[in-house]
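With the hints as constraints, model all of the structure from the sequences given.
In order, the protein sequences belong to chains A and B. Going by the working numbering, the letters in the first sequence line up with residues 1 to 775, in that order. Going by the working numbering, the letters in the second sequence line up with residues 1001 to 1185, in that order.
If you are wondering where the hints come from, they were derived from the structure by calculation, not from laboratory data. The C-beta atom is built at its ideal place from N, Cα and C for all residues, glycine as well. Any given hint could turn out to be false.
List time: in silico DSS-like cross-link candidates among lysine-lysine, alpha-carbon distance up to 27 Å [what the hints assert, rightly or not]:
1. B/1062 with A/43
2. A/618 with A/514
3. A/564 with A/632
4. B/1015 with A/23
5. A/43 with B/1056
6. B/1146 with A/43
7. B/1156 with B/1062
8. B/1056 with A/514
9. A/741 with A/716
10. A/23 with B/1156
11. A/458 with A/432
12. B/1056 with A/23
13. A/172 with A/704
14. A/43 with A/618
Computed far set for chain A versus chain B, every beta-carbon distance over 12 Å [claimed, not checked]:
15. 526
16. 563
17. 597
18. 724
Read off the chains here:
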Amino acid sequence: MNDPELEELFGDPADRAVVDLLKASRPAAPPLDPHFHNYLRAKLMTEAQRTLPARASRSWFPFTLSPKTLAPAMAAVAAGFLVVLGVEIYLHGQTAAPQVAYNIRQIDKQTNVGTGEPIVIPFSGPVDKTAVAESVVIQPATSVTKQWVGQNLVIIPDHPLSPNTTYSVTFKPLATPTPTPKPNPVVRQTPAVAPTPVVVHFTTVRPPVAPIVPPSFTSANVNYGYDSRLADSGTILSAAWTPAGQVLATRPVGQLGPGAPSPSAGATPSATPSGPPAPKATSDVWLMSSLGTPIRILVPGGSLPAAAPSGGLVAAWQVASRNQVSLGVWDLQGNLQATLVTLNAVPDRAPVWIGEDRIAYVDQGRLHVVDLHGTQASGLALRVGQGRLAASPTSPRLAVDAADGPVIVDLRAGGSPIALPSGASGFAWSSKGDLAFLVRQGTTSDLYVGADGQAFQKVATSPDGQTWSDLSWSPDSTSLLLATTATNGNGTSPTLLLVNRDGSSPTSFGASTKEYASPQWSPTGDLVLFTRGDEAGGRAFWTATATPSTSDSAANQALAEVAKFMLARINSDSVAAQAELDESGLAAYQAGASSLLGPAGSHFSRYYPVTVQASGSKPNTILVGVRIFSAKNGVETSFFEEQLALVAQGQHFALVPPAHRYLIDAVTASPTMPLGHGPTVVSVEVVQTPPGEQVRVHFDADLKPETVSSGTIQVKDADGNVVDAHVSFDADNHLATLAVKLKPGTYQLVVTTGVTDINGAALAQEYDAPLVISR
Amino acid sequence: MPDGFEDRELVERAKQDPEAFGALYDRYFPQIYRFAYSRVRDQSLAEDVTSEVFFKALRNIKRYTYSGHPFSSWLYQITLNAVADHYRGLHGEVDLEEGASLPSTAPAVVDEVVRRDRSRRVWAAIDQLPRQQRAAMVLKFSEDRKIEEIAQILGKSSGAVKLLLHRAVERLRRELPPEFEIGVT
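In structure tokens, the structure reads:
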């Protein structure tokens, strides 16, 4: 028993046997969100900085930080999941100056770094902060904002970092240390930047590769995971997703975060040239990560934002002058693109995008539609009620809770609005153009769904004594999330229900004892944004994770074999690697189609799958594209890509389909491409967007938008002819999208060296990859 | 166990230094989260409780004085109070002495026997104990706390803790299924 206390307590041998059993057992480790520790720590440290008395400054510390400098970066530090880079930087000054170095725990060479989070580099002693900040170079080229919080250099990417990318942060040597201001006559020696460059590396997260069979979000298929609070209650007043999965939030004035005005300055717009000072704004519009990290302030004095369906624009209301607000459009960097209208009263609801070029809003009880030049659509004189205003993503149609009854307004037809069932409210359009709404019937609610916004059918009715609200479609339009509330007034908190679009299989979603209200499904379906009250009477925004179970077993099996194959190659285990090859595959490697292990003097350091596709011509064959990185002396120097063809083995013997094993049957390899000499393509994805397709090309660097065009990114058919494509570019996500119409067959994506990063560096080498279209 | 002089010094520093408080947090987060989860059996709720524990600790750390017990005992006490507060809010006053078992998402013991391994079955059985017994058992057999510390955490005498442990073991003897073959060999 080995515990005197227990030996004394349990004299009975039968009791001792139980105690021995207990001593030999341990409870299973509880489930733990890996981010929760850091999330809570960041919040605690913010509170600790606020409430605990600050330590006395060191007498030799030569800088003071004004609140304006400190506040935004503090918030970045406090906001959540920070990337903290361990770096040992020796600072070099004059002969008598100390060497300053700091090395925190194992942080250099981090992997799985989040793409939307600030990077924090701690220093140990006094440094010339301006010189150090100016010396920072990030590769791949990344536009950043640099701020100091105490001895921490906080680097805030202006756009989210790219996934699957190894970044290097280099502190370049400066020829002459920058002189620093002297706060008093005492001469101080301030260490400056090291005489030789210091480089820190980290690698961002590896998101899942797009599956061959898209996951289904039918109610039985979706699994609830866990909840995370986005921010403290009262610090977010409204929130909505952007198409890229970030959050647009209305926050009270004075919240901390990158780019926030200092508390003393407030967020009030300055006085207008001809009028009195603007009224004091009470809120700002922010862009936040899905983890709750404030990324930047988009609209000072703004409220009720709405993201355009794609393209990175935001419409919001902004305080303009006394008793006036303007409807404006901003990009995701916070640059005002257009002011569309100015009103004399603050609207009570967000504007609504109709496609990419029109916006609907309600002013003094009337519906208005305006284009991005500020031109009002004529012929609309609809009086509207208090309900939801919602626009179809597939056609210029609006569902409106009009004062004379709910209707659909078709902006193409110009005719009379189409009446909806009396009492219809809570409109929600799916990504495919289906419209769902609710009709309250006494103590129940009816759920209606109409395909393509027509032929509405009642598909479900809530149990007696329970009403439904807040409809939110799944990304694939197969199911709806809704909030359920008891009508008997016993104080029961709303919970979430998942129901298929035909009303079948209603399934609870979320933890059974918790409150969930106002759900909004994220564009990719992996998160649900919702609100929850707290004991103090406040209300906070939360996210819940949602995972659809996948039926893509063939692709998963093939990817699992590729993972084993690649791990063996990274470990230089040629025997294990060859075990994943069939005869044909082995012959291909032996014939030099590609190198099984790293070239001499280097080794394979990491890989990630780029694509997984079903072969259009060969049954039971899965094509997996992998990118493989080579390193020398621990530093990645180059990469190449392999297209692996995996063939299911033993098909004619297999009685149980999941028993198939895939072996690598063929390989083709791209030329080796050097790293660190310009932007590179991170991934390529083909998305079905009937009647055509989108080819989405992700880059690892911030690019010059004008270099991304149909001249530099092309899809070619089997004969080498360029396929007509419309090319658009989303700078915030390093994403070029080609809208094309492709027939089944094999095509080639070509990205030329005409694409350059923000520093003017061109793609190191032309990039091409096969695209297989099979239906 | 990290408790000791170094810990006391860190606590004193944490009264003024956010970084020291962060170090305390790093040190005690795993066991407090584990303990919170053992009490509530719900990940989201365990996160809430853990969050509340450390914020309360931060707010009150200046009032904390070393009383011969490890700093962790104080955190465990706060955890128990936070858990009790939660269930009070849900179900009204709860008898903290020998009240009904907490609502648990853990399957019944019999189901556990069928499909889980031996160790997990034992701990599933502990999940079904009355809450005070369960707390004492978790602190003793999972967190390796001394009886005196457990007494301090639970606000009971050492004798009362011994009684809780004794009753719990007796109950396990009765309720664990026959295949455990508990008895004198």
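A quick look at each hint next to the structure:
Proximity of residue 1062 of chain B to residue 43 of chain A is assessed by CA-CA distance (about 19 Å); at most 27 Å being required, the pair is judged to hold. Between residue 618 of chain A and residue 514 of chain A the alpha-carbon distance is near 50 Å, which puts this suggested pair outside the 27 Å criterion. Among the hinted pairs, residue 564 of chain A with residue 632 of chain A is consistent with the structure: their alpha-carbon atoms are about 23 Å apart, no more than 27 Å. For the suggested pair residue 1015 of chain B and residue 23 of chain A, the alpha carbons sit about 37 Å apart, so the restraint of at most 27 Å is broken.
In summary, the hint linking residue 43 of chain A to residue 1056 of chain B is supported, as the alpha carbons are separated by about 13 Å, within the 27 Å threshold. The suggested pairing of residue 1146 of chain B with residue 43 of chain A is violated, with an alpha-carbon distance near 32 Å, which exceeds 27 Å. Between residue 1156 of chain B and residue 1062 of chain B the alpha-carbon distance is near 25 Å, which keeps this suggested pair within the 27 Å criterion. Proposed proximity of residue 1056 of chain B and residue 514 of chain A is supported: the alpha carbons are some 22 Å apart, at most 27 Å.
Between residue 741 of chain A and residue 716 of chain A the alpha-carbon distance is near 12 Å, which keeps this suggested pair within the 27 Å criterion. Restraint check: the Cα-Cα separation between residue 23 of chain A and residue 1156 of chain B comes to about 23 Å, which is no more than 27 Å; the hinted pair holds. With a C-alpha separation of about 19 Å, the suggested pair residue 458 of chain A and residue 432 of chain A falls inside the 27 Å cut-off, and the hint holds. Straight-line distance between C-alpha atoms of residue 1056 of chain B and residue 23 of chain A comes to about 32 Å, which puts the hinted pair past the 27 Å bound.
Distance hint between residue 172 of chain A and residue 704 of chain A is fulfilled; the C-alpha atoms sit about 24 Å from each other, no more than 27 Å. Proximity of residue 43 of chain A to residue 618 of chain A is assessed by CA-CA distance (about 54 Å); at most 27 Å being required, the pair is judged violated. Taking the minimum C-beta to C-beta distance to chain B, about 17 Å, the non-interface status of residue 526 of chain A holds against the 12 Å cut. The non-interface label for residue 563 of chain A is consistent with chain B: the shortest C-beta to C-beta separation is roughly 28 Å, beyond 12 Å.
Listed as outside the interface, residue 597 of chain A is consistent with that label: its C-beta sits roughly 40 Å from the nearest C-beta of chain B, beyond the 12 Å cut-off. Every CB of chain B lies more than 12 Å from the CB of residue 724 of chain A, the least distance being 50 Å, so the non-interface label holds.
In this structure, the earlier hints numbered 2, 4, 6, 12, 14 are contradicted, and the remaining ones agree with it.
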